[in-house]
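Engineer: Protein chains in written order, with the numbering used here: chain A, 1 to 493; chain B, 1 to 633.
Simulated from the structure, these hints should not be mistaken for laboratory data.
Accuracy of the hints is not assured; some may be wrong.
To be verified - Here are the simulated lysine-lysine pairs, DSBU-like style, with alpha carbons at most 35 Å apart:
no. : chain 1 : residue 1 : chain 2 : residue 2
1   : A       : K448      : B       : K555
2   : B       : K371      : B       : K447
3   : B       : K447      : B       : K606
4   : A       : K448      : B       : K161
5   : B       : K371      : B       : K555
6   : B       : K555      : B       : K161
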Amino acid sequence: MMTGTLQIPPIDWALLGPFIQLTAGAIVVTLMAVGPKAWRRYTGYVALLALVPPAVATLGLWGGASGAASTLGGMIVMDRFTLCFHLIFLATAALTVLISMPALEEMHLEYPEYYGLVLFAATGMMLMSASSNMLILFLGLEILSLPLYVLVGFARRQDRALESSMKYFLLGAFSTGFTIYGMALMYGATGTLEMTRMAAGSGEGAGSWRFTMLMLGFGLAMAGFLFKIAAFPFHYWLPDVYQGAPTPVTAFMIAGTKAAAFSAILRIVTAPLFWDGPFTADWVRLLSVLSALTMTAGNVVALVQHSLKRMLAYSSIAHAGYLLIAVVSRSEEGLAGVVFYLTAYLLMNLGAFAVVLAMDRARGGEGEGDDIAAYAGMGRRHPALAAAMSIFMLSLTGVPLTGGFVGKFYIFRAAVDSGMYGLAAVGLLNSVVAAAYYLNVILTMYMKEPVSQPPRVVTPVALGLGIAVSAAGVLYLGLFPARILELARGLLL
Amino acid sequence: MIDLLWLIPVLPLLGFAVNGLIGARLPRSVVSAVACGSVALAFALSVACFLDLAALPEHHRVHAITVAEWIGPMNLGWSFLLDPLSSVMILIVTGVGLLIHIYSIGYMWDDDGYWRYFAYLNLFMAMMLTLVLGASLPLLFVGWEGVGLCSYLLIGYWYTKIDCADAGRKAFIVNRIGDASFILGMLLAWTTFGGTFDIAEILARAPERAAASPGTMTAIALLLFGGACGKSAQIPLFIWLPDAMAGPTPVSALIHAATMVTAGVYMVCRMAPLYVLAPGALEVVGVIGATTALAAAAIAMAQDDIKKVLAYSTISQLGYMFMAAGAGAFGAAIFHLTTHAFFKALLFLGSGAVIHALGGEQDMRAMGGLKARLPRTFWFFAAGWVAIAGVPLTSGFFSKDEILHRAWLQNPGLWLAGIVGALMTATYMTRLMGLTFWGRSRVPADKAHHIHEAPTSMAVALGVLAVLSLAGGFMGLPASWLGHPGLFEHWLAPVFEGPELVMTTGRVGPEGILMILSSLAAIGGIFLGLHLWVRRPDLPGRIAARMATLYRFVKGKLFVDELYELIALRPFYAACRAFARFDERAVDGTVNAVGMGMETSGHVLKLFHSGFVRSYALFYLVGAAAVVWYLVG
Chain A
1 MMTGTLQIPP IDWALLGPFI QLTAGAIVVT LMAVGPKAWR RYTGYVALLA LVPPAVATLG
61 LWGGASGAAS TLGGMIVMDR FTLCFHLIFL ATAALTVLIS MPALEEMHLE YPEYYGLVLF
121 AATGMMLMSA SSNMLILFLG LEILSLPLYV LVGFARRQDR ALESSMKYFL LGAFSTGFTI
181 YGMALMYGAT GTLEMTRMAA GSGEGAGSWR FTMLMLGFGL AMAGFLFKIA AFPFHYWLPD
241 VYQGAPTPVT AFMIAGTKAA AFSAILRIVT APLFWDGPFT ADWVRLLSVL SALTMTAGNV
301 VALVQHSLKR MLAYSSIAHA GYLLIAVVSR SEEGLAGVVF YLTAYLLMNL GAFAVVLAMD
361 RARGGEGEGD DIAAYAGMGR RHPALAAAMS IFMLSLTGVP LTGGFVGKFY IFRAAVDSGM
421 YGLAAVGLLN SVVAAAYYLN VILTMYMKEP VSQPPRVVTP VALGLGIAVS AAGVLYLGLF
481 PARILELARG LLL
Chain B
1 MIDLLWLIPV LPLLGFAVNG LIGARLPRSV VSAVACGSVA LAFALSVACF LDLAALPEHH
61 RVHAITVAEW IGPMNLGWSF LLDPLSSVMI LIVTGVGLLI HIYSIGYMWD DDGYWRYFAY
121 LNLFMAMMLT LVLGASLPLL FVGWEGVGLC SYLLIGYWYT KIDCADAGRK AFIVNRIGDA
181 SFILGMLLAW TTFGGTFDIA EILARAPERA AASPGTMTAI ALLLFGGACG KSAQIPLFIW
241 LPDAMAGPTP VSALIHAATM VTAGVYMVCR MAPLYVLAPG ALEVVGVIGA TTALAAAAIA
301 MAQDDIKKVL AYSTISQLGY MFMAAGAGAF GAAIFHLTTH AFFKALLFLG SGAVIHALGG
361 EQDMRAMGGL KARLPRTFWF FAAGWVAIAG VPLTSGFFSK DEILHRAWLQ NPGLWLAGIV
421 GALMTATYMT RLMGLTFWGR SRVPADKAHH IHEAPTSMAV ALGVLAVLSL AGGFMGLPAS
481 WLGHPGLFEH WLAPVFEGPE LVMTTGRVGP EGILMILSSL AAIGGIFLGL HLWVRRPDLP
541 GRIAARMATL YRFVKGKLFV DELYELIALR PFYAACRAFA RFDERAVDGT VNAVGMGMET
601 SGHVLKLFHS GFVRSYALFY LVGAAAVVWY LVG
């Protein structure tokens, strides 16, 4: 195989457009740090602008990507699945930048590097979803992870932020070790890093050492991604990290990192060898069990939280569990459900965190919007914010007419269609438990008398815009889901 | 003009919108102008449509228009149908409605909710007109439910009084029972007639379907009649109407006498071609009608509240109409519906004038001798009295006589019930006159000094209705007098000719003798009433004492309310309480236990989130080991 000459595969630059453009944008934004201090106020807007070309390029590729267009010798695949996830990541990044601007100003952290890191992380996410090669996948994972370690600790003068960053970094590095080792084992067993070609290399059947090695590799690699989506029992880091990170970063991670990790999981399990291969039943059963445990562990602990950010953090664990249901249903509907759910999820989470940020301001400082009890009386004091928050909470609960409902409906239906009644039942019961703490927020806002009367504060335009866009999106997905579902269907299979 | 048919219900609806939305900020004069103006326009348009219809050749007097699509998949539109029957109905509804609107200006002037009252009243008009013009069963039902809603709102108009609010609820709930039956009938019609709700189509397909399955036809007819029993207050669902008198008196006149309560009669007549195909059902209609007519007349004898007497009288007269329909005399039923609208509206409005004059007093035991104080009201009221009693040549005489004649031809038993009912009607109405206007005054001194005649707006309405009550019968002179059918019968002939032909027995009755007998019943009843309550006021008490049990039974309204309480409400409430207990203990208990369990496990699991990276890494390691072990082992 190794002949000493390195063959450079032909490169289709057009397909790489989104990555190159976003990376360039990230570099430009970062370089603004060396410019005059006056520029800093505008970095956020530049970052928003930097997201436009990749989005346009992605939409442009959409028309041409009827089949799988790949480049770099097939290592990067720009099919509709990829493009769909690219749009999710770009939207997440855009909303994150939007709500970060007032938040950073408030925290006196207006450093251009912040936006550069967000854009770099988004590039990593995009790379993960586009990879059909383990190495590219790992590359994407690292490009995503490294900026996040910094972002989590961005409020570097706060002990809590540093602690979060340190924890995330240590455990992330720990986890990455498992991932790369798993990938190496899979390579050893199959002789290829191309996920789609692995089937050919698996060779002998069950019981052989190759087979054992492959499964060992799959398990270890999967552990790394389960860590990223914070599935049980790899979820312990999440609440600590999410609570310590700046609120916009938490939102970015909850929506973006989760989507990226899910795109990676889907890339792996939809490879022919795993999708319908000799040990499909094994991983399906494993992930089913983990899904049930994840939902339950997340919900049960979320139930007893008093901090809104922590509650949302734990509940995001539960949502990862719901999404795993769709993965193990192994059906077209289920995969469409994942994409739809992630879209709705990004909107309702960023929206909810934006409201938290607005409340932080209203109460004068980071963290003040965190205590659920502090939301008492908000329905009267900030009717628009309270209404938006109610929409997000209802959507997270999965109440009809919201995007969260449609997503959950599709996921549970996919499970039922695949005969996984038990898992669907666990999911439904967990939704009921979740209703208890989500609705508690609404209850507090509208039905409880406030202890003190903090002054009314005007929500900054950027924040208001982010909240409005998210709320409108959640309602749009709930009222007119057909179009998006149509797009999400048949992406991979 | 006839193509503007759809505007007839829309005009009052606009009035409702204006008064309902901004009425609170408008002066009373504007509110009344909007309310009465919209109804006046609807009346004018109704007259125009009527004339247009009359200009058409006799057997082409059907005009259906579809304004817009409603429920596409069911092929249902906003379709209105104008034929001789609905033209008569819209004239009654808008005509009498207009008079009552005008009357209300004076009656409600001092009420705080003036605009609310007129908004409801206009909404009622819109709904009632939708009911009579609807070309399909569902559209008819929209109006049917709409008038029910308005009835509820207006009975409970003085919602701060618990009696009014309770009465409104009772009316609504009792009507729901009937409505459920109506819905079932409607759905059964849908499946039976191959998926159509259009009334004309249903009636056209009925003969063919009836031949195939007569039982289904009877079921549809009876289920629809169940709805009519609710709306038109027939046995066993009549109990809501007397309580409905808690609403303002003009409402009682418009909704609970002249229009809404006749909707059941209208519906049965509208579906006449279907009913004649189900003779069993028609018999039920007739018997229920006759029984209700007698029972309600008996109860009316023993009531002391002037409006309650009129309420039972209305139930009784509605029974008459159903009796006519049951005898296949649909034209006579509608004729009686028309004359009844005149004289009963007059009587209610007249009683309203009395109540108004006495500052809200409704108990006849606290009246008497009012003729001297309220002469104008007395004469108007007397016109209604002779009409309802059936004194010859008044409107009530002709319509009642027509019914009795047709009943005789169909079933002498029905006739007997009718003639006894007529006698009783004349008697209790004379009692009402005696207790209210004649004899010595029993009015308490503090109220006596400010007794005053009603304002002009009220008197105008009373005057017009008095003329109609006395002379309205000439629209429907008997065929035996004229040698050809009367105006009314002739006008309705295109609608009812077919069904009435089916019911013809071929018998010829002694019409002259019957007419003399019914005249005697009316006059005899009046004399009986005069004797008992005017000349010998001591007699009724002695008779009541003699027949104490019977008297208590009648006075207690046959204890129907109590019967329902016993057989339906008590078991229902008992079941409710049982369910509530189950819900509180078993369901809530389980939920709370689960909730507590969840919370406890949450607190336990929280302990694992120690915050130490080393333990998190350990959990990770254990987890990864378990995953690998699961896959490989």
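Engineer: Decide, hint by hint, whether the structure agrees.
Structural biologist: Verification of the supplied hints:
no.	hint	verdict
1	K448/A / K555/B	violated (54 Å)
2	K371/B / K447/B	holds (16 Å)
3	K447/B / K606/B	violated (77 Å)
4	K448/A / K161/B	holds (33 Å)
5	K371/B / K555/B	holds (27 Å)
6	K555/B / K161/B	holds (25 Å)
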